[in-house]
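As given, the protein sequences belong to chains P and G, one line each in that order.
Going from the first sequence to our numbering is simple: count from 1 and add 24.
Going from the second sequence to our numbering is simple: count from 1 and add 215.
Everything labelled a hint here was simulated from the structure, so no lab data went into it.
It cannot be assumed that every hint is accurate.
Unchecked claim - Partial selection, computed: residues in chain P whose CB lies under 8 Å from chain G:
| id | residue |
| --- | --- |
| 1 | L62 |
| 2 | H72 |
| 3 | C75 |
| 4 | S127 |
| 5 | Q142 |
| 6 | K145 |
The model shown is predicted, which means the values in this text are computed figures rather than measured ones.
Virtual Cβ for every residue (Gly too), placed ideally from N, Cα, C.
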Amino acid sequence: MSKKIITPVEEFRDLLPDEYKELVNDGPYNEAKTVDDLGSFKEITEAHPHCAGCGVALGIRLGLASLPKPQDTIVIGTPGCSFFALSQSALNYSCTAFGNQNSVASGLKRMLKLRFPQTHKDVVVMVGDGGVADIGLDYTLHSWFRGENITTVMLDNEVYGNTGGQESGMTVKGKVLNMAPTGKKFSKIPVFEMAKTSGCVYAVKVTVANARKLGTALRRAVLIAREVGPTYVQIYTPCPTNLKFPPNQTIAVAKDAEKTHYAYEEYITDEASAYLSGLGEVKEKS
Amino acid sequence: MNKEQQAVNADKMLFETPRKRAFITGSEAVAEAVKRANVDMAIAYPITPQSESMHLVGDLYAQGYLKDYYRAENEFAVMAAIHGASLGGGRVFTATSGPGTLRAMEMFPVWAGSRQPIVCAFMCRGIALPPSIQPENIEISFMLDTGMLIFHAENAQDYFDMILKGYAIAEQPDVHLPVGVFADGFFVTHTREVVMLPPENQKLNAYNPASAPIPAFDMESPPIRSTRDPLLNKSNFISYAANASWHQEVLAAAQRARKHIDHFLGGLIETENPEAEILIVASGTAVSQAREAIRSLRDEGIDAGLVKVKSIRPFPEKEIREATANASLIVVPEFNPGGWLAREVKASIDNNSRVIGGPRVFGGMSLPRELIVNEIKKALPATAVNS
Ligand SMILES: Cc1ncc(C[n+]2csc(CCOP(=O)(O)OP(=O)(O)O)c2C)c(N)n1
Ligand code: SF4
C-alpha cells in the first residue's frame, strides 16, 4: 500500500473527519517511526475504551508504533481486551473466533505471499494470554512448527480480562482469581520456552515498563519473520481492573515484575541474527 | 508440472465446451472439479470418507494445479486458515466430513459473515455415539443456519458440477457467500460411475478480489477493513442496528443467489411427473433410491412423481409449494435420524399433514427402494380417505 491509497480526492478532503486527515498528513505510513518518536506523529491507533491504566492498551500502542511497515501490516486478533484498541487502529484487523488467530494468520500470510510476491505484507498476531496459551495453544505451536512467516505477540496480563478476571494458563501459581477460588494450581505455561523449541527464530520477553526494548523487539520480530521464520514477543501488560491495583501503578507493577518473573530475555538464532545484521535499514535506537 | 490450462469463463466451460466420459469415483470427481477451478490454495485434514479427495487435491498441488497446499492440525485450524487465506483475496478449497464438520463449526458462520466465496465439500457421515464412520447426512442439519449456501449432490456428476458451479455462484458480486457442497459419504465418494467432464486443459478465470462487495484484507484498498467492527462490543442502538442489518444482508445475499442457482444448476429443484398425486421429495442419494421406488410403483400401476431438492440453502419453499400443489401424499425419505429435510418441507407448504417424514435410515444402512414403496403403500388408504 502507499499513502496515496488513503489520500482523499480533493473534493472530499473537507468532508473527512479530522482524525482521518491527520492520519494522511502525519501518520507513520511510509515513514520509519519508533517508540522514540511517539508524540511526534499521528499514531495508527486511536483513543480506546479500555479501563484506565490498562497495560494491554499500552502494549498495543507501543507495539503498533514500532511496526516497520504499518502501511502493509495486517493484524490478526482474537476475542479479548486487545480487540478494543486493535479494531480502532488504521490497519486491517481481523478478530474471528477465540484461539484461531495463528491459523487465520497462516492462511492469510500464505495467500498474501502468492498475491504479492514482490512486497512484504507483514502479518502480526496480537492477542491475550488466554488466546495464545489456553484455547489457541495448539494452533500457535503448529504455526511455529510449520515455520509460518508470522509474528505472534502475546499481551500477557496473566488473567482473562475481557470475561471478568478468570485465571489463565499464564496466571502465576497461587493467585486467587475467578474460576481459581482457592488459588491457581500450576505454574505459568512456559510459552516463551516453548517458542524456542518449537521453531521460533526470534523470541523476546519484555514488559510495558520497558518501552524501547519492547519497540525494538517488535520491529525486529516483524522484520525477521519476513524471511527467516516465526517470531514471538511476549509482553507483560498488567490489568489493573482484575489484578486489583490502582490504575496509575501499571508501570510500577510491570517494573516490579521485571525483578520477580519478567526479566527481559531475548532469544535469536544465528540465522536470524545474520539476517538482521544484513538489513541496512534496521534503525537501532535502544 | 501443470499442463497448459486455458482460463475461460464459467459459462463457457460449464455449458459450451463438449464433455468426455470418465468412469470415476465421487472423490475423483471432486479432484477433477478442483483441477478445473483455478484454486489458489487448499488446506486439508484427514477424515473418512473425505481423505481420498484431499489426497488427490494434494497430488494436484504437486502437479502445479494449485499454488499452495498443506495439512493443518485439525479441522478448526483448517477452516480458520481457509478463512484467513480467503481474506487475503484468493480462491480456496477444502473438504471435511461428519465429526470434522462439527469440530470446525464455529468457523462456518464466520465465513458467511465475512462474505467469503469459499467452496467446501462435505462428505457426510455419522457423528454421534455409538461412533460411526458410516454414511448418514445428519451433519447437514447442523449447517442449515450458518449462513452458507448448501447444495446436496445426488451422485458424482452432481458433485463435480456443484463444486465448479459453486465457485461461479459464490463469487457473484451480489452473492459472495460460502458454498457447502454436500454428498452422502461412501455412496457417492467411494463408488465409481460415469461422469461427463470438460477437458482438463480448461480452468475457470482467476478469482478477482475486486468483485467482492467488501475489500480483500491486503492493505491495498481503502477503507481499512476490520472484521466484526464496529459490530462487536459496542452497546448502543447504532451497533445493534448495524449488526442486525449485517445478518440480514447475509440472508439477502442467499436470496440473491437464487437467480444464479437457476442459471448454473438449472433451478433449485428438479421435478419428474409432478402432476402425480403421490410425490417423493428427496435430496442427495435418496433421490436415486426414490427413482427406483417410483419405477417399482409404476410396475404395480401406482403413479408417483419426484421432487429432487438440489439447493438446501436457499431453500426452495416456493418451488416446492408449487410442485406439490396437487399432491395428496408427500413422502420424504432421508439418510439421517433427525429428518431435517421433512421439517423443511413441512414448514414450506400448506396442509402439511400430507407430508410423511420417512422412511429414515442411518448408522450406515442403505435405503432399499422397498422401504420407500412400503411407506407410500402404508399411507395410501389414509390419504384416499382424506381426499
Ligand atoms: C469459544 C469461545 N469461548 C469463550 C469465549 C469467551 N471469551 C471471550 S474473551 C475471553 C478471554 C480473553 O482472555 P485473554 O485472551 O487472556 O485476553 P484479555 O481479555 O485478558 O486481554 C473469553 C474466555 C469466546 N469468545 N469463544
Ligand atoms: S479488564 Fe484489564 S485488560 Fe481488560 S481493558 Fe480493563 S484493564 Fe485492560
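Now the hints, each set against the structure:
Below 8 Å, beta-carbon pairs count as interface contacts, and L62/P has none with chain G, the closest being about 21 Å; its hint is therefore violated. Proximity of H72/P to chain G is violated relative to the hint, the smallest CB-CB distance being about 11 Å (cut-off 8 Å). Interface restraint check: C75/P against chain G, minimum CB-CB distance 14 Å, threshold 8 Å, status violated. Because the closest C-beta pair between S127/P and chain G is about 4 Å apart, less than 8 Å, the hint holds.
Hint status for Q142/P relative to chain G: violated, with the closest Cβ pair at about 13 Å, above 8 Å. About 6 Å separates the beta-carbon of K145/P from the nearest beta-carbon of chain G, less than 8 Å, and the hint is met.
When the structure is compared with the earlier hints, violations turn up for hints 1, 2, 3 and 5 and for no others.
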